[in-house]
Structures are given as structure tokens and as C-alpha cells.
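In order, the protein sequences belong to chains R and B.
Counting with the numbering used here, you get residues 1 to 254 for the letters of the first sequence.
Counting with the numbering used here, you get residues 1001 to 1307 for the letters of the second sequence.
Read the hints as simulated data drawn from the structure, not as lab findings.
None of the hints are false.
Pairs of lysine-lysine residues, derived as PhoX-like cross-links and limited to a Cα-Cα distance of at most 25 Å, are as follows:
id, chain 1, residue 1, chain 2, residue 2
1, R, LYS196, R, LYS212
2, R, LYS27, R, LYS195
3, R, LYS143, B, LYS1304
4, R, LYS143, R, LYS118
5, R, LYS144, R, LYS118
6, R, LYS147, B, LYS1304
7, R, LYS27, R, LYS212
8, R, LYS119, R, LYS143
9, B, LYS1304, R, LYS144
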Amino acid sequence: MDKSVLRTENLSVSAGKKSILNPVSLKIPGDGVFGIIGPSGAGKSTFLKTLNRLCELTPGLQINGQVFHRGVPLYHHGVDVDALRKRVSMIFQQPVVFPTSIFANVIFGVRHTETIPKKDWPDLAERALRQAALWEEVKDRLKKPGKELSIGQQQRLCLARSLATDPEIILMDEPTSALDPGSTEAIESLIHQLKKQQSIILVTHNMRQADKVCDLVAFIGLQDGTGTLLASGSLDELRSRNNIPGFEDYLCCE
Amino acid sequence: MGKAAKLPKHNRFCAIKAASWFFTSLAFVAVTAGLILLLVESIPVWRHSGLEFITGRNWFYRAREFGALPMIYGSLQVAVIAILIAAPIAVGAAIFGTEFLSGRLRIGLKIVIELLAGIPSVIYGLLGILLLRNWVYDSMESLDILSGDTLLTAGILLAVMILPTIMTLADDALQSVPRAQRMAARSLGLTATETAINISLRGAFPGLIAAVLLAMGRALGETIAVFLVVGRQDNQLPESLFSFQPLVESGQTLTSKLGGSETNIAYGEPLHWGAMLGLGILLMIMVTALTFAGLGLQNLARRKNET
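Chain B on its own, in the form it takes in the complex:
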């Protein structure tokens, strides 16, 4: 009896296992096939421009000139501004939450922050147009700026959007530092602040860097909100990377280019279409590299705190 009852259960387990294997591989195959298709479709532009596609400063599709550098610059610049603004605030909030708030308040704060992450990005974009654009225009007037649609505006908007990502990942990183270590430090006479700096921040450091990298990946990939406030001005590559002026000019990011109507125009013309897909591939590579670096660091941090 017992044996007879066991057998169907075992079979059911096998069926579930087989089905999950099947669907997992299906998803994997579908994504891989899609990526290969993207690569294949982008071949014309690589044939036409070669590495010039990455290093070229000009994009004039009617003249069959495809240089992605200004957009790579735009994407990185916007993401870096976002990180520079968001990281200190978000990490600071996470430290405040884990080190100085009691359990229930911390959870409350975390829920509120995570709700912010659930707001559709187009809403952020609209808020950016409504609030940020004029503010940037007014406050940067002395720099002779032409409009409020600038790389800086997009960066500030992105900072607000990635704040929850950094904060919640930083919170996880800080939480993974064992409580016993904080207690040991306190029992040696360190103050709460000294403990936060020398135990929590130190122990969580790789995890905090991971949080920033993952958030930067998100910032690079964000499309619609950036699209609405970045100005979408092609071929804006400054002479010097270390001047502030280019930041308060309109620019173009990889995502804002791909989100625009040029993508629809390009479809049907193999070279132009290939160039657009090439931008997509560059974006993918950048985001994937950041994500892998972030996840790797997270694993490292976890192992460090376990042993």
C-alpha cells in the first residue's frame, strides 16, 4: 500500500521537474535567439563603419554616417550625474535606517522607499517636465543655457528614480553585517556612530558598491523619463570631459535615440536599421557588464560576512 501510494507522487515530481526544465530552457533559447537576431541584423553597420561606429563623433543617417560616441557619452554622463546625486543620499538613508531606527520604523521607511520604485517611469518623466526643467533653466541662467532640457536635468531626474534601488540594496548590504559584530564594537566602548562607520560601513562596503553598480545599470537602461527631458540633440560631444558647460546643454543618450521616431524610419533600410540595433547592442553590453560586476560583488560581500 505504502509503496503504491509513493509511486504516483514520485512520478508527479518527475513531471514537474521535466516541465520546469522545459520552460526554463524555452526562455533561455528564446532570449538567446533574440540576441543572435539582433547581432545578425546589426551586421550591415559593422561592415559599413567597423569600429568607427563606436568611436565616430557624427551621426547623419542621410549621409550614411553612423558614430555612436556622443550617445555613449550622453548615457554615461547622465548615469554618472544620477549616481553622484543619489548614492550619498540613498546610502545615508540606508545607514540611518539600519543603525539608528528601530525595527518597525525601518521596515516602514523601506516600504515607502520601495513604493517609489513602483511608480511608472513615464510619470517621473512628466514630473520632470513639470518641475525639474524650469528649475534647471532658472537656476542655470547665468550659464546662458538654451533650454531646460539638458543632460543635467535627465541626470537629476534619474537620481530620483534610482534612489530606491540603491537604498534598498544598501539596506540589504548593511543588514548582512552580523549584529554580533556591532554588539562587540559597542561593548568595547565605541559609540553608535563609530560602530556604524567602522563596523557596518566597512563590512558592507562591497555590497554598497554593488548597489551603486546595479543602480547605474538601471540608470543606463532607463528610457522614457530621460527621453522627455534630455533634449534629444544629436552629435553633442564636448571637447573636454572636464567642463560643466556640456552638462547644461541638450544631449542624446543611447536610450533616448532608440526610443525616438528615427527607429521607425530606420526599419526597412538595412544599414540604418543595423545602426539602430548596434546602439541597442552597445547599451546591452554596458548594462550587462555593470550588472555582472554588481552581482559578483554582492556574492563576494555575502561570503565575506558568512565566514
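Isolated chain R, as found in the complex:
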């Protein structure tokens, strides 16, 4: 019985003749935090974006192979991509706050993709903001523009916005790389909380973070200029193996 929530099968990405990601076959279990580590430019983010088909929106990328979500193929005619992206939500490197109020930001996804009556929005927003550990900081200024928040708060606002639509999986693309240490800490402890309900797939190139929050990791390195899946397992496992090409270099340079 396949217990993985997501499974890729020979999933590769190329831009024209240039190969970006060599075929990846990987099982991602549903419980806990799955980390994707590796040097910059190895295609970690690209890989992440194939998991909710967001990379299809970048013109010029060809995606081959298959992703299975609980056994169901995602790259398949007839898959409702918008519904998929709602279940498999994404947090970006730079917080992307819409130019509107904090409240409107939180309910943005719900408002446009669900038929929840307007009177339930405040409760829903409160729940999402509490989940993102932002409620206490913003409860008195929900009508203020989201961009007035600090960058760390903005990232938690984005997280609340995703949580409001109750996704099954959250993809996080280096969510703390633009943040100060304090905010990074806040997001990391949030990830600890959230993994009880959601599957989290986290791209990071920070080993300290990977150690702290990831249960399993996949190491994507560069081979001849193309991103390649080189190893996966727990971090301790990866450290004890000494035949992973590029892993030593990656560890020492971090």
C-alpha cells in the first residue's frame, strides 16, 4: 500500500533544449515535514512548483513524467488544476501581500474559490490568523493595509491566507530567506505546529533549518549543470552515508 501523499515518477523539467531537472522519482510521505535541500540554482523551487502545477504558468518550461497525489495522476487530461492548487497551496520566498487590508488578504482565497457566506468570514479569518500565530498582533487593525506589517508578519499573513482555504499540503519555497532571525524562528515553530494537520514540503538551503524542522529530506544537487535528485532519507542517514556526490561540499559550504 502506497502511503505517500505525493509521488513523482521520472519527473523532469526542461526549458527548450536546456535540461533543468533530471528525472526525479520520489515518494513524499503525508505526515511531517519533507525538506528539499541543495545548492542554489539546482532546481529545488522548480521541483516544488511542479507539485501543484504552478510551473506551467512560466512560459517555456516543459514538464515530463508524472506526479501522483494519493495515487491519482496530476499531469493528466481532465485534472482541475485550480482545485488542485487550492489543496496544494504555496508560500513564496518573498511574502506576496495583496494591496488591500489584512482582513481582505486573509479571506482572499476563500472569497473567490468557495461559497462560504459573508457572515462567516470574520470567524474564518480569526481562525486562520490564530493558526498562523498572527491574531494577537493584528486583531485591532484588521482593516489596515497588509503592507503596513513587518516583513515577517507579512509572511505569516500569507500563511494565514493559505490556511484559510484549508489546504491538504503546503509547499514552502524558502519561506524564511527574506526574514530576520526572530521572524524565522516564528515561522519555524509554526511549521512545527502546522505539521500536525497539514503535510508540509519545505525548500530550504539552510542546514540549520533543515535539522530543526524536517523529518525527511531530499538532496537535489547539480550534475553537469542540471538539477538531479542525489539522495533522500533522514538527515542523519544522509550524513552517515559518504557516497553522495556533492553532499560533503554542500554541508561544509553552508
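Got chain R sorted already, so can you dock chain B onto it with the hints?
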């Protein structure tokens, strides 16, 4: 050695700076002087009519009556018709281009549209006579119209002419909405259409209004194409602003009046000449106000999307 080599370069820079300052101020002084001259030359009509010049309904120069209201009405009416027709089409095309076409096709579409902007306006005027005038006449027959030269004809023709302006400015406005915002919306499960409406259109809204205002300024100032199809009938001010009938009658705009032979007749007779220049000043004020409003909004939109 190094120091000796630097010095002439520095001097050259100073010379270029001084020269550009000189020519910039020259242009500024020349334009300002021209405007002041226009104002001074128009003084006789202000002395003669005062504010009646703006609110007066009759223009009979032999009777020394100078009322510009019918022409102000004509100019605004023609520009508004043009905007009402062109704005939805142009903004729609811009949305289609930015949101649904791939990069290369979008650029292709933009080039074609911008080529349309390069066609001399007299050609548009000729096309208007050739195609539009009869069409308006035939399709409005039930309204008992006298000819195909009407405010409506001029408005439709202007709509075609300002289409590229609105479209290209609207495209810029939509492009200035960050891609990351579209991506974030898509990753929340919004469809392409929902994203276009709730992210792109919303973010670009001030810029889109700016596009419309700037295009309206252009429509107000357009002369020769309007001149050829508007009928140039003086003193046409309808009793009601909210009836369709006046639109299918001939009219006169500020520009079509100024472009006509009356301007040459007026020259040499200070009062009449002053009245013509007064029309020019009214036109300038209207166009400048729209342009400033448009540019202001554009700046506002840019700042909004930057932060």
C-alpha cells in the same frame, strides 16, 4: 598623467551639462512666450464678452457675438463617445494580451496596435468619409437625419484613432502589477479569469483610468479627422444633454472651428482673432487638465505597485 587625462573629461561633461540646460530653458521660454502671446492676443474677446464667451450659445462674428459653449459641448460630446466605444475594447484587448497571451504574441499584438497609432490622422479622416459617413447615414435613417456628417460619426472615428493609445497605456498599467501577485493568487486556486479580475484589473485600476484620461485629451485635440466628418455646423447646442438626437446632427468642435477658414478670415480683425485664440486657450486648458490628471494617476499607480 591620470589627473591630466581626467580634467578634459570633466570639462566636457560640464559643457554638455551647460548646453542641455541652455536648450531646455530655450524650449521652455519659447513655449511660455508663445502661450503668453496667445493670452495677450485673446484679450479683446474677454474685454468684449467676459464670461459670456464661455457660456454664450451663439457665435455670429459679423454681429460680434462670440459664444463658445456649442463648441465646448461638441468637443466633449465627441470625446465622450470616442471613450465610451474605445475604452472597453482597448482595455479588453490589453487584458487579453497581458493575461492570456504568451510573451511573443503579446509583443506582436502590441506592435500592430502601435502601428495603427502612426497612421496620419488625415488618412483616418478620409477613411471616415469613405466608410463611416454613409454607414451612419444609412443606419440612422429612422431618426430622420440630414447627412452622415454628425457628432456621432466623428466620435466613432475618434474611437478608432484613440484605441491604440488606450490599449498601449492599459497594457503598461497591467504589466506594472507584479507577476508574483498573479502567481500567489493562482496558487490559492483562483482561475486565470478570477486572477485577471481580482488581481490585475484591481491593481492596474488607477493606471487604466489614467490611460482613458490621456486618450480623452488626445481625442479633444484631434483636428483634421474630426474636421472632415463632423459637419461643422455652428450654434448647435441641444436643449437636453440626455437625448440621442443631437448626436446624429452636424456639430462643431473647438478644433474643427479652429481648423476651418474662419481662422484666416479672423486674422487682422483684433476682436474676431481674439475670439479664435480664446477657443484655442479653452482647448489647451481642457487638454492640459486631462493630461495632468492622467499623469498624476499614472504616478500614483506606479507608487502603489512598487511598495
